Amino acid sequence: MMKKIFFIAVFTIITCLIFSERQIVNFWYLWTGNDAVIVENIIKDFNESQTTYEVKGLQVPDVQKQIAAIASNSGPDVTDNFNTNIGSYASKGILMPLDQLMKRDSYGDDFIKEALNTCKYNGKTYGLPIGITTMMLYYNKDLLKEAGYDRVPLTDKELIEYSLKLTKKDSETGYIKTLGFPDFPFVYYPVNLTFALGGDFITKDGKTLTPDNPGTRKALELIYNFRKTVGIDNIQRFTSSAGGYVTPNDPFIVGDQALRIDGPWLNSLIKEYNPDLNFGIAELPYPEGHKELAGGGELSSSVMFIPSTSKNKEGAWAFIKYICGKVGMKSFAIANGTTPARYSLLKDPDIQKIDGFKEFAERIEKGNLKSFPSFPNQQEYLSQMEQEWELIINGKESLDDGLEKLTKKTLKLLK
Amino acid sequence: MNKRTSGKNFTKYLILILISMIFLFPFLFLISTSLKSMDEAFSNSFHLIPQTIHWDNYIKAFQKIPFLTYTKNTVVITLINVIGQLIVCPMIAYGLSKIEWIGKKIIFGIILATMLIPYQVTMIPVYMIWNKLNLVGTIIPITLPAFFGNAFYIIILTQFFKTIPNSILEAAKIDGASEFRIYSKIVLPLCKPALATVAIFTFLNTWSDFLGPLLYLTEQKSWTLSIGLQQYMSAHYVEWTLLMAASAMFTIPIVILFFFAQKKFVEGIVTTGLKD
Amino acid sequence: MTLHLKHKKMKYSYKNNLKGLLFTSPWIIGFLVFSLYPICISLYYSFTNFNIFMSPEFIGFDNYADLFTDDLFYKSLTNTVYMAIFGTGISIIFSLISAMLLNMKVKGQSIFRTIFFLPSIVPVVASTLMWTWIYNPQYGILNKIMSFFGLPELNWLSNPALTKPSLVLMGVWSTGTMIIIFLAALQNVPIQLYEAAELDGAGAFQKFLHITLPSISPIMLYQIILGLIGNFQYFTQAYIITGANGGLNVASGGPENSILFYALYLFQNAFVYLKMGKASAMAWILFIIAGIITYLLIKTSKTWVDYGQGGDKNE
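Residue numbers (the working numbering), protein chains in the order written: chain Y, 1 to 415; chain S, 1 to 276; chain V, 1 to 315.
Next comes chain Y alone, as it looks inside the complex (with noise of 0.2 Å):
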């Protein structure tokens, strides 16, 4: 009898064991440096927080690595991304949609209808948002006092006038040492500031592409302008001579460039790098004459999704409702500046606390942001405009036949 019982007691506890191992789910982050930091806390977290599953983190900046792997079964089971590939990877079937599950659960109320937006192709939702992002324009406060500027520039007008002021050239060598314009980096900001100057991408009823719109436009004009006066060569030099990119020798952390127009991350990294910077954050110049458009720019955000190859699906599920629920995106939010994609978050005293914070939520509540459109062919349209906008920033092409060209090239874009 006790015989019986023991083996009863061990097959038991055996049993328990086996089934209590945690299930596996692998995550796949783009992030780097600090924001890896956080990422890897909320991970610990979540695996704290229950028994079931077991995250566990890698890094892989690479975006066409991490599809490669999705593609070939070898992927992870949940990974981030930016909601400006959502539909050309949808449309090619790399993400499983969520709709089913967020109705299951009865998830996603509070989202903010706008990132949300920015998940979704045709029709279905593809991913959720973690934090969204809108680019401001910062600015070096000592640099604009030495100019004579008490405040920063409002209008394109204005932006121009400044910039030109703003840059310092070295009077041995005419090099560029200190940047007046928001130059560097370049990829980001003609797309925030075509929204920014009232233009638009795609018509409202979403059915033409518009690469030749007023806010394209302006900004081109603008960023032509510049470099010609300053010349292109100069400009050349000083930002492939510049520090990389957000690392400690940034120009605009170091106190090389007066304007940049950038996301929220590059306060935390201010902060970290060079707390002494005397800066401030602003909203992104308006159309002169066009009040009504201020506070413009684009609204993107960070995005995580389940690739259709994941081998976890729930186990991915589960992770995602965590770091996209309030607690584990409030801690993101917290650590690392970026907006919290939820209503309820955007009320939250910790949260209004957080540098920048007032400056992004208001913009967000004023309405005037608008996101890259969602299509299949999304990425080579951005792809084309911004070589195009090269030849023309540059002087090798005139603005209105770049733009007639992308108009022509980027028809059949839109399927």
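If you're looking for bench data, these hints aren't it; they were derived computationally from the structure. Small disclaimer: the values here were computed from a predicted structure and weren't measured. One or more hints might be untrue.
Below, a list of computed lysine-lysine pairs in the DSS-like style, where the Cα atoms sit at most 25 Å apart [stated by the list, open to error]:
no. : chain 1 : residue 1 : chain 2 : residue 2
1   : V       : 107       : S       : 105
2   : Y       : 321       : Y       : 120
3   : S       : 12        : V       : 105
4   : Y       : 313       : S       : 263
5   : V       : 15        : Y       : 177
6   : Y       : 396       : Y       : 366
7   : S       : 64        : Y       : 44
8   : V       : 107       : Y       : 408
9   : V       : 299       : S       : 8
10  : V       : 105       : Y       : 396
11  : V       : 107       : S       : 8
12  : Y       : 313       : Y       : 124
13  : S       : 162       : Y       : 56
14  : Y       : 145       : Y       : 165
15  : V       : 15        : Y       : 396
16  : S       : 105       : V       : 15
17  : Y       : 157       : Y       : 326
18  : S       : 221       : S       : 64
19  : S       : 162       : V       : 15
20  : Y       : 177       : Y       : 141
21  : S       : 132       : Y       : 92
22  : Y       : 168       : Y       : 157
23  : V       : 15        : S       : 185
24  : Y       : 313       : Y       : 326
25  : S       : 64        : Y       : 56
26  : Y       : 56        : S       : 221
27  : V       : 207       : S       : 263
28  : S       : 12        : V       : 107
29  : V       : 107       : S       : 264
30  : S       : 264       : V       : 105
31  : V       : 75        : S       : 263
32  : V       : 75        : S       : 173
Fit chains S and V to the known structure of chain Y by using the hints.
Below, chains S and V alone, put in the same frame as chain Y:
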């Protein structure tokens, strides 16, 4: 040697030294940067010899970049490739030189022709093959092909085998030895120098290979040095001094190998170069 | 009668054929699986739309039509042609001159040989990273040297007009293998030819033109073909340099796409834009172009290449 020729020689010598400088200065700059602090490397004044020598850059490179892991991976993959080629290429070369059969000339011709095919033509389908077999992410796609031979090495060995007099083989055949015995016991030992050349070249090519690991090694823990270094540079924060140190460490084994095996290197290149 | 014919046909014994087949079987299998099959199927792929997540769907000539109206396709072609012509051309000229210099009887010849050869064995990734740093406009050593000689400091890798020449220079630095091959070829030229020419009163340049060049012309042809084919596939260096902007731009071709080479654009189409059908079409176009050029080169080579003694020309 009259004045004119010694004068001419002098100018030629000068040019040689000048060109040598051009070849050498990148290395000097590499080492110099690898021993500097970031501040010094990014300062406007330039000194070839660093103000303070930062040997710790090399140690830091080891830590920041998972250097040990990458090296281990690279070594494993390289060794497997070397072994694979050494097993297979001599066999194939033997079949194309010492056996009189119907396919001899045709196959050799096809092998030559394959050297002219741009790799892009086969890249995608081969990738899809490995993908369907669920082998992307493993080292199989960049090691298994070594066991099927490589045109370049096969040609080197074939040319080499042709120089082995057939009389030796005839003698063995008369003694009743099987073809395989002749191959393994007689011919193979004779071509040790050529085998060394193949081993060296395989080592060199696999050690430096980039596209293969780029396509097939998805997880960071399986990366080789070439991918590892490139990924490090494309990440946001690049400490150039560490990167130069890591690049130096990546290059050093090759340089060491070269100094030990100079002659083999040159012989191998010359044999294929002059084969036509 | 029939017996006689049978003997004629059976030049090779069955046993030998079997043995030959066995010994070369690894290569044959490898060729079928990794070369022949892929070549054929990639032609099929070029008529489909597919990627790693979607099965191929037949779309006829759409990929080709797309390419022929694609600006970037032409840009990548012209970039690659530039590299093929200037890269190969300058490399060959430089290697030949270096080889001739090395061929002189000077003291320390083997040391010079080593120095010239060493750069070519440095792993491509390492040398590209190194050169990226050398080309840094403000802190790189090249501009420091330029300013030392009073020359302008240039934006080597960010000025669209300079990016390709910078890559060509990088390539010239690694021509060690070519130098060694040329050196061996030069050393194979019989001295009697030179002596005879000197007796006839030929000067140095004439000796070069009429003896050296013709004697090494087969090697020259070989190097030109290999060099061109190699440059058609130019990828790694461009990939590394264009990827050096912090991953902000997933598919870049460098400043104004000046270093968007054919292989790079193909790679982007396949693995970034996930348009493998289009990439396969690009591969086949390249295959055909490479084939035509090789064929033309070999055909016209009969006029300028001297195969001399017993040169059995291989196809």
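We went through each hint and held it up to the structure:
Between the alpha carbons of residue 107 of chain V and residue 105 of chain S the distance comes to roughly 45 Å, so the proposed pair goes past 25 Å and is violated. At roughly 17 Å between alpha-carbon atoms, residue 321 of chain Y and residue 120 of chain Y fall within 25 Å of each other, so this suggested pair holds. A C-alpha spacing of about 10 Å is found between residue 12 of chain S and residue 105 of chain V, which places the hinted pair at or below 25 Å, so the restraint holds. For a cut-off of 25 Å, the pair hint linking residue 313 of chain Y to residue 263 of chain S is broken: about 58 Å separates their Cα positions.
For the suggested pair residue 15 of chain V and residue 177 of chain Y, the alpha carbons sit about 80 Å apart, so the restraint of at most 25 Å is broken. Of the supplied pair hints, the one linking residue 396 of chain Y and residue 366 of chain Y is violated, its CA atoms being roughly 38 Å apart against a limit of 25 Å. Straight-line distance between C-alpha atoms of residue 64 of chain S and residue 44 of chain Y comes to about 22 Å, which keeps the hinted pair within the 25 Å bound. Under the criterion of a C-alpha separation no larger than 25 Å, the hint pairing residue 107 of chain V with residue 408 of chain Y is inconsistent with the structure, at around 65 Å.
Note on residue 299 of chain V and residue 8 of chain S: the hinted pairing is violated, with a Cα-Cα distance of about 40 Å set against a maximum of 25 Å. Straight-line distance between C-alpha atoms of residue 105 of chain V and residue 396 of chain Y comes to about 52 Å, which puts the hinted pair past the 25 Å bound. Between residue 107 of chain V and residue 8 of chain S the CA atoms are separated by roughly 15 Å; this keeps the pair inside 25 Å, and the hint holds. Using a Cα cut-off of 25 Å, the hinted pair residue 313 of chain Y and residue 124 of chain Y holds, with the two alpha carbons roughly 17 Å apart.
Of the pairs offered as hints, the one joining residue 162 of chain S and residue 56 of chain Y is violated, with about 57 Å between alpha carbons and a cut-off of 25 Å exceeded. The straight-line distance between the Cα atoms of residue 145 of chain Y and residue 165 of chain Y is roughly 11 Å, inside the 25 Å bound, and the hint therefore holds. As the CA atoms of residue 15 of chain V and residue 396 of chain Y are separated by approximately 70 Å, the hinted pair breaks the 25 Å bound. For the proposed pair residue 105 of chain S and residue 15 of chain V, the alpha carbon gap of about 17 Å is at most 25 Å, so the pair holds.
The suggested pairing of residue 157 of chain Y with residue 326 of chain Y is violated, with an alpha-carbon distance near 42 Å, which exceeds 25 Å. Simply put, residue 221 of chain S and residue 64 of chain S have alpha-carbon atoms about 14 Å apart, close enough for the 25 Å limit, and the pair holds. Distance check on the hinted pair: residue 162 of chain S and residue 15 of chain V sit about 21 Å apart at the alpha-carbon level, within 25 Å; holds. About 17 Å separates the Cα atoms of residue 177 of chain Y and residue 141 of chain Y, which keeps this hinted pair within 25 Å; it holds.
As the CA atoms of residue 132 of chain S and residue 92 of chain Y are separated by approximately 18 Å, the hinted pair is consistent with the 25 Å bound. Pair hint residue 168 of chain Y plus residue 157 of chain Y holds up; C-alpha atoms about 19 Å apart against a cutoff of 25 Å. Of the pairs offered as hints, the one joining residue 15 of chain V and residue 185 of chain S holds, with about 21 Å between alpha carbons and a cut-off of 25 Å not exceeded. For a cut-off of 25 Å, the pair hint linking residue 313 of chain Y to residue 326 of chain Y stands: about 21 Å separates their Cα positions.
Taken as a hint, the residue 64 of chain S and residue 56 of chain Y pair is honoured in the structure, with Cα atoms around 20 Å apart against an allowance of 25 Å. At roughly 14 Å between alpha-carbon atoms, residue 56 of chain Y and residue 221 of chain S fall within 25 Å of each other, so this suggested pair holds. This hinted pair does not check out: residue 207 of chain V and residue 263 of chain S have alpha carbons roughly 30 Å apart, beyond 25 Å. At roughly 12 Å between alpha-carbon atoms, residue 12 of chain S and residue 107 of chain V fall within 25 Å of each other, so this suggested pair holds.
Of the pairs offered as hints, the one joining residue 107 of chain V and residue 264 of chain S holds, with about 22 Å between alpha carbons and a cut-off of 25 Å not exceeded. Between the alpha carbons of residue 264 of chain S and residue 105 of chain V the distance comes to roughly 22 Å, so the proposed pair stays at or under 25 Å and holds. A threshold of 25 Å between alpha carbons decides the hint, and for residue 75 of chain V with residue 263 of chain S the separation of about 43 Å lies outside it, so the pair is violated. Distance hint between residue 75 of chain V and residue 173 of chain S is unfulfilled; the C-alpha atoms sit about 61 Å from each other, more than 25 Å.
In terms of the numbered hints stated before, the structure departs from hints 1, 4, 5, 6, 8, 9, 10, 13, 15, 17, 27, 31 and 32, listed from lowest to highest.
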